[in-house]
Structures are given as structure tokens and as C-alpha cells.
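Peer 1: The listed protein sequences derive, respectively, from chains A and B. Under our numbering, think of the first position of the first sequence as 3, with each following residue one higher. Under our numbering, think of the first position of the second sequence as 104, with each following residue one higher.
These are computed hints drawn from the structure, not numbers from a lab. Where is the CB? At the ideal position from N, CA and C, for every residue including glycine. Hints are supplied without guarantee of correctness; some may be wrong.
[As the list claims (entries may be wrong)] What follows is a list of derived Cβ distance ranges for each label pair:
1) 158/B - 74/A: 44 to 50 Å
2) 86/A - 170/B: 26 to 32 Å
3) 187/B - 61/A: 23 to 29 Å
4) 4/A - 118/B: 33 to 39 Å
[Said to hold, decoys possible] When the alpha-carbon atoms are kept at most 16 Å apart in a straight line, the in silico EDC-like pairs for lysine to aspartate or glutamate are as follows:
5) 16/A - 88/A
6) 59/A - 70/A
7) 73/A - 54/A
8) 59/A - 80/A
9) 201/B - 80/A
10) 201/B - 58/A
11) 201/B - 46/A
12) 176/B - 123/B
13) 13/A - 80/A
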Amino acid sequence: DTGVSQDPRHKITKRGQNVTFRCDPISEHNRLYWYRQTLGQGPEFLTYFQNEAQLEKSRLLSDRFSAERPKGSFSTLEIQRTEQGDSAMYLCASSFIGVTGELFFGEGSRLTVL
Amino acid sequence: AQRVTQPEKLLSVFKGAPVELKCNYSYSGSPELFWYVQYSRQRLQLLLRHISRESIKGFTADLNKGETSFHLKKPFAQEEDSAMYYCALRWNTGTASKLTFGTGTRLQVTL
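Kindly produce the complete structure, drawing on both the sequences and the hints.
Peer 2: This is the structure:
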């Protein structure tokens, strides 16, 4: 399968713990996005990478959140000191410069903070 | 600010009936609008984009700049159309090209 893959698919953690999600984009895609989706809402933009450079971060991304994309390949999203409000589906998407607007999404990583 | 509004959380129609999923947007620039769909147990995927003016799976959507709308239509609903539909607006910040999504409409097609 050459689509966007995310790991883990589900994570249950206790409040205050750190969690890390990984995203492997489609190999030739140089743009990578993280979105967050809560119940009853559409995906909300968190951050964006072009190759290894993080070019944009949403105000939703507090200082407890950090994302990296070393070498412009896979990306990680780490949440430190998790809070119950962090419970959500974290979606990764990738695209290729020149293709207007189409994002290819992964299946998401669902986080539950107890 | 950029905003996408989908007023209906749920739209239930009978098989063979026409479908119209509403989407309105707010954006001061030149809009690029999309419809994404998520079928049960599948990932979110692009259905169609306004610049292509294409019909996908019988669905069409016309951008109406005067009414700031991009409604999704299909003349005859099929059971396999049951899914979650998201309207999205693409806009540029100078450093990034981003999609802003609406809250989604669940389409339920019944026999």
C-alpha cells in the first residue's frame, strides 16, 4: 500500500503522559500536514511542512505540541503532558507541489486521554 | 477570516431521490473549493474540486461567487453514497497552502 500511513492507530494514555504519533507520507510528496478532528467537527489545521521545513503552525498548536519532519520524509507529532482536551483524531495528509488542493489523508491516530 | 459552513449535520434521503448538500464559504480572496468524502471505515478522500468542473460518481458542484456557495448535488441518490461529506476551502497564507473544512454533513440514503 503506497498511501499515507499513520502509527499508532489508537492510543489510550493517562493525563500528563507524553505521546508521539508517526506519519509516513506518500514517498514523492513534499508537503505534509497535520490536522486534528474532534467529534462533530471537520478537520482543523495544526501544522504544515514543505520538505523538512515547518512553515506554518496553527494557534491550536500549544507549546505542548511539537512536530518534526527530519530529512523531509516521515513526520512525528509529539504531545507532552497530555490533557483530556487533547483527545481527538490526529490526521496526517500529504500532497505534491503543483497538484491543486488534493490532500491524501492517512487513516488517523485516535488519542484518548483518561 | 476564512470560514466554511455546512448547515446540515445529517441529510436523509430515499434511494433515487435528488441530493443537495449545502456549503457556504467566507473568504476575501479568490476561492478554491473542494468536496471531500469519508465512507464508513475509510480515510478521507477528495471527491471533486470546483476548478475541474467534473462529475464524479454522479455528483457535481458549481461555485456561485455571488451567493458564496458550493453546493454538492446528485440527481438520483444511491445507497453507496451514504457517507460523511466535507466542504473545504483552499487558501494561501504566503508560506502555506491550507484547507479549511466545514463541520461535515452525513448523508444517509435509505431504501
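Peer 1: Looking only at beta-carbon atoms, does the pair residue 4/A, residue 118/B fall within the given range of 33 to 39 Å?
Peer 2: The hinted range 33 to 39 Å holds for residue 4/A and residue 118/B, with Cβ atoms some 35 Å apart.
Peer 1: Assess, step by step, whether the Cα of residue 201/B is no farther than 16 Å from the Cα of residue 58/A, and give holds or violated.
Peer 2: Roughly 10 Å between the alpha carbons, so the hint for residue 201/B and residue 58/A holds.
Peer 1: Given the hint of 23 to 29 Å, check if residue 187/B and residue 61/A actually sit that far apart at their C-beta atoms.
Peer 2: Holds, at about 26 Å.
Peer 1: Tell me if the beta carbons of residue 86/A and residue 170/B are separated by a distance inside 26 to 32 Å.
Peer 2: Taking Cβ atoms as reference, residue 86/A and residue 170/B lie about 40 Å apart, which means the hint is violated.
Peer 1: Is residue 16/A close enough to residue 88/A, meaning Cα to Cα at most 16 Å?
Peer 2: holds (11 Å)
Peer 1: Straight-line Cα separation of residue 201/B and residue 80/A no greater than 16 Å?
Peer 2: Given pair residue 201/B, residue 80/A is violated - Cα atoms ~21 Å apart, limit 16 Å.
Peer 1: Need the status of pair residue 59/A, residue 80/A: alpha-carbon distance at most 16 Å?
Peer 2: holds (14 Å)
Peer 1: When you check the alpha-carbon spacing of residue 73/A and residue 54/A, does it fall within 16 Å?
Peer 2: OK: residue 73/A and residue 54/A at ~6 Å, within 16 Å.
Peer 1: Mind checking the alpha carbons of residue 176/B and residue 123/B for me, to see if they're no more than 16 Å apart?
Peer 2: Roughly 4 Å separates the two Cα atoms, so the pair holds.
Peer 1: If you draw a straight line from the CA of residue 201/B to the CA of residue 46/A, is it 16 Å or shorter?
Peer 2: OK: residue 201/B and residue 46/A at ~10 Å, within 16 Å.
Peer 1: Verify the proposed pairing of residue 59/A with residue 70/A, using a straight-line Cα cut of 16 Å.
Peer 2: holds (12 Å)
Peer 1: Does residue 80/A lie within 16 Å of residue 13/A when you go C-alpha to C-alpha?
Peer 2: Status holds; Cα separation ~12 Å.
The structure shown violates the earlier hints numbered 1, 2 and 9.
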